[in-house]
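The sequence shown: position 128 = 127 (my numbering), numbered continuously.
It should be emphasised that the hints constitute simulated quantities derived from the structure, not laboratory data. Because the structure is a prediction, the values reported are computed rather than measured. Beta carbons: idealized from backbone N, C-alpha and C, even for Gly.
Within a straight-line C-alpha distance of at most 27 Å, the following computed DSSO-like cross-link-like pairs (lysine-lysine) qualify:
no. : residue 1 : residue 2
1   : 77        : 46
2   : 132       : 101
3   : 123       : 149
4   : 123       : 15
5   : 112       : 15
Label pairs and their in silico Cβ distance ranges:
no. : residue 1 : residue 2 : range
6   : 88        : 27        : 26 to 36 Å
7   : 85        : 51        : 32 to 42 Å
8   : 83        : 58        : 38 to 48 Å
9   : 77        : 47        : 18 to 28 Å
10  : 58        : 79        : 34 to 44 Å
11  : 145       : 58        : 40 to 50 Å
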Amino acid sequence: MVDEEPNFVDLACLIKITPEAILDKFGGQINASFFEAANIAGTMKQKGLVEFKSSYPGPNTITVTDLGKELIAEAESKSMEPMDVLDNNILNQLSGGKREPKEMSNSLNLRPKDLALRIYKLNKTGLLVYELKNGLAEISLTEAGYLKVKSEPAQASADAAKPQDAPASADAAKSQSGPAVQDPIDPPKNKMPLTGVIVIEVLIIALIIVGLYLKHII
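All chains, please: the whole structure from these sequences, using the hints.
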């Protein structure tokens with residue numbers, strides 16, 4: 000049973016089909032044998048991406064259907080979008096040694112069509128190249144793609160090393176420096192010792208007593 004989901008091989012073969020392309024020569028366009036090309040063409044026909052036309056006694060032709068044209072247009076639209084995390088993950092998969100779309104689709108748990116659109120996008124941006132061979136697609140990183148993969152960890156490290164906002168840093172420094180130093184308290188003014196006060200009070204009492212005694216004598 001044919002999977003109805005278009006894959007990257009389907010998309011790559013579709014863009015190779017020229018108007019009034021001859022079916023018998025399709026293998027030469029996609030770098031495949033006659034039988035491999037016939038199998039791919041038959042699969043794309045079952046998915047509704049192409050159709051065959053017979054013109055006896057002329058050759059049979061293969062043309063792209065409206066559904067096939069919509070797939071190509073969707074791929075072109077996707078290629079105009081900015082890079083995102085999924086694009087970087089696909090590049091990392093290639094850097095790790097995976098070269099076939101089916102391997103990457105299984106590893107990323109991604110639908111074949113979604114992966115096909117992403118590979119097309121990365122090819123258009125010059126980060127990867129592909130080669131159709133024997134009915135399969137082999138994908139490799141370009142120099143730009145390799146440098147992109149290697150720059151991602153460095154960028155992540157640089158972002159992690161950035162200092163925090165100044166207010167937060169100031170608060171942290173303040174908390175690490177220990178409790179705040181309080182302003183010194185002015186020493187109390189000199190006061191008379193308690194013994195001096197007692198002596199004065201005793202003298203006053205004594206003077207009062209002496210005064211009363213003298214008054215009594217007089």
